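Engineer: Using the sequences provided together with the hints, build the complete structure.
Those sequence lines, one after another, are chains L and W. Letter by letter, the first sequence follows residues 1 to 185 of this note's numbering. Letter by letter, the second sequence follows residues 1 to 173 of this note's numbering.
No lab work stands behind these hints: they were computed from the structure. There could be a bad hint or two in this list.
Unchecked claim - Under the rule of at most 30 Å between Cα atoms (straight-line distance), these lysine-lysine pairs were calculated in the DSS-like manner:
id, chain 1, residue 1, chain 2, residue 2
1, L, K32, L, K109
2, L, K72, W, K49
3, L, K76, W, K35
What the hints assert, rightly or not - Label pairs and their computed distance ranges (CB to CB):
id, chain 1, residue 1, chain 2, residue 2, range
4, L, K76, W, I60, 37 to 47 Å
5, L, P102, W, F71, 37 to 47 Å
6, W, T86, L, L8, 20 to 30 Å
7, L, I160, W, L26, 32 to 42 Å
8, W, K45, L, K81, 28 to 38 Å
9, W, P73, L, P67, 44 to 54 Å
10, L, P67, W, T86, 19 to 29 Å
11, L, G79, W, L153, 38 to 48 Å
12, W, I102, L, V153, 20 to 30 Å
Unchecked claim - Which chain L residues face chain W? A few, computed with CB under 10 Å, are given here:
id, residue
13, M47
14, V63
15, I84
16, L85
17, V87
18, I88
19, S126
20, I136
21, Q137
22, S154
23, F157
For clarity, every value in this text was computed on a predicted model and none was experimentally measured. By construction, the Cβ of each residue, glycine as well, lies at the ideal position given by its N, Cα and C atoms.
Residue-level listing of the chains:
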Amino acid sequence: MKKGEAKLSKTVKVVVMGSAFLIILYQLFPAKTVEVINISGDYGLEMLAILPAVLFLMALVDVWVPPEYIKKYLGKNTGIKGIILAVILGTLPTGPMYVAFPIAAELLKKGAGLKNIIIFLGVWASLKIPQIGIEIQFLGLKFAFLRFIFTLVSVVFIGIIIDYLLKNKARGGEKYVWGEESQQG
Amino acid sequence: MIAPGRVIKGEKGLEMTVLIVNAITLLLLIFSFRKDKGRTKKVFKMAIKKGLMLLPLLLIIIIIIGVMLVFIPREFIQRYLGGEITLFQMVFVLIAGAIAMIPGIIALPLAGSLVDSGASYVPVAAFITTLTMVGFVTIPVEIQQLGKKITVLRNLLAFVFAVIISLLMGVFM
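Structural biologist: Structure (structure tokens):
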């Protein structure tokens with residue numbers, strides 16, 4: 001548990017430094033600093049109301065939906081069904097992007113459709129269901145809803161465009177094998 | 001006291017979000033516990049660990065939000081991130097989002113505080129979009145895993161679509 005302790009001591013450092021900063025600020029601008037503390041407190045409480053739940057949701061998905069499950073379903077399906085599945089599986093998982101890249105690479109090597117993999121990566125990056133709760137709280141339902149729709153459409157377009165460009169190139173004589181470059185590097 | 005012009009959150013619709021998210025999480029946790037106690041223990045461990053990891057950054061951001069809303073005049077944020085969209089403003093937020101490595105959990109409240117203090121939705125949406133879709137910092141990993149072509153195309157197109165998404169947000173918000 002050394003890593004945990006390190007994080008905890010970092011928190012202690014931030015608390016000490018933050019308090020010192022606020023005390024100095026208070027000496028200079030007493031009235032404004034009280035405002036700062038009030039507003040920071042407001043935002044802190046708002047975060048506290050939703051953040052623990054979001055963290056638990058993420059952990060729940062992480063434990064109950066392992067990467068093997070994603071690989072199994074994303075690798076097999078094509079067409080509209082494949083796109084829908086790529087979107088659903090992309091919104092579910094919660095790890096950072098560097099978790100998604102190896103999954104994508106492995107699926108491509110196994111012959112999964114490039115379009116679906118690109119869509120999966122795009123959705124994974126920007127449309128995680130748990131985070132949308134936070135987006136609704138701090139930016140409003142309308143903002144979150146519109147951004148979700150526009151981003152979803154964009155991600156599908158990006159998938160289609162990349163798929164088209166690279167397939168065309170392959171047909172033009174320049175053979176492109178997934179992962180070839182990575183093995184050289 | 002509240003900074004001038006700050007929109008006070010906590011209207012009924014937003015409280016509902018908190019309620020719904022918490023209720024769903026609680027139900028799933030109960031369900032998870034009934035199905036498998038060991039796994040649920042792992043869920044708790046993971047959630048707490050992630051929470052502790054985020055805590056320092058979270059505290060810093062909360063203080064930054066407070067200081068920003070009180071000390072930076074609303075007119076300043078309005079001038080640079082509000083009102084008419086300028087090319088400079090868009091390029092700035094798009095690149096800032098692409099370079100920054102802030103977890104969404106923390107970036108979204110920050111974005112909300114910018115809107116509260118006069119930023120318009122277009123630059124905020126642009127920032128969130130490149131922040132999540134374009135990853136300068138993760139490009140080496142992406143190249144290693146997926147190759148140069150996919151990586152360059154994916155990030156370039158994400159950048160272009162970020163402009164489209166944010167402009168559309170401006171039209172509809």
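Engineer: Taking 28 to 38 Å as the stated bounds, is the beta-carbon spacing between W:K45 and L:K81 within them?
Structural biologist: Check passed, 36 Å falls within 28 to 38 Å.
Engineer: Quick one: are L:P67 and W:T86 within 19 to 29 Å, going by C-beta?
Structural biologist: Violated, since L:P67 and W:T86 (Cβ atoms, about 43 Å apart) do not stay within the stated range.
Engineer: For the hint on L:F157, does the least C-beta distance to chain W fall short of 10 Å?
Structural biologist: L:F157 check passes; min Cβ-Cβ to chain W is 7 Å, inside 10 Å.
Engineer: Within 30 Å, alpha carbon to alpha carbon, are L:K76 and W:K35?
Structural biologist: 28 Å, holds
Engineer: Holds or violated: the 20 to 30 Å window for the beta-carbon distance between W:T86 and L:L8?
Structural biologist: 44 Å, violated
Engineer: Would the pair L:K32 and L:K109 pass a check requiring their Cα atoms to be no farther apart than 30 Å?
Structural biologist: Status violated; Cα separation ~58 Å.
Engineer: Is the Cα-Cα distance between L:K72 and W:K49 30 Å or less?
Structural biologist: 28 Å, holds
Engineer: A closest beta-carbon separation below 10 Å is what the hint needs, so does L:L85 meet it against chain W?
Structural biologist: At about 19 Å, which exceeds the 10 Å cut-off, the nearest Cβ of chain W leaves the hint on L:L85 violated.
Engineer: Given the range 20 to 30 Å, decide if the beta-carbon distance of W:I102 to L:V153 lies inside it.
Structural biologist: Holds: the Cβ-Cβ distance is about 25 Å, inside 20 to 30 Å.
Engineer: Please check whether L:M47 passes as an interface residue: C-beta within 10 Å of a C-beta belonging to chain W.
Structural biologist: 6 Å, holds
Engineer: May I ask you to test the hint 44 to 54 Å on the CB atoms belonging to W:P73 and L:P67?
Structural biologist: Holds: the Cβ-Cβ distance is about 48 Å, inside 44 to 54 Å.
Engineer: Given a cut of 10 Å on the nearest C-beta pair, is the interface hint for L:I84 held or broken against chain W?
Structural biologist: Not OK, violated: L:I84 not within 10 Å of chain W, min 20 Å.
In the structure shown, a violation is registered for the earlier hints numbered 1, 6, 10, 11, 15, 16, 17, 18, in ascending order.
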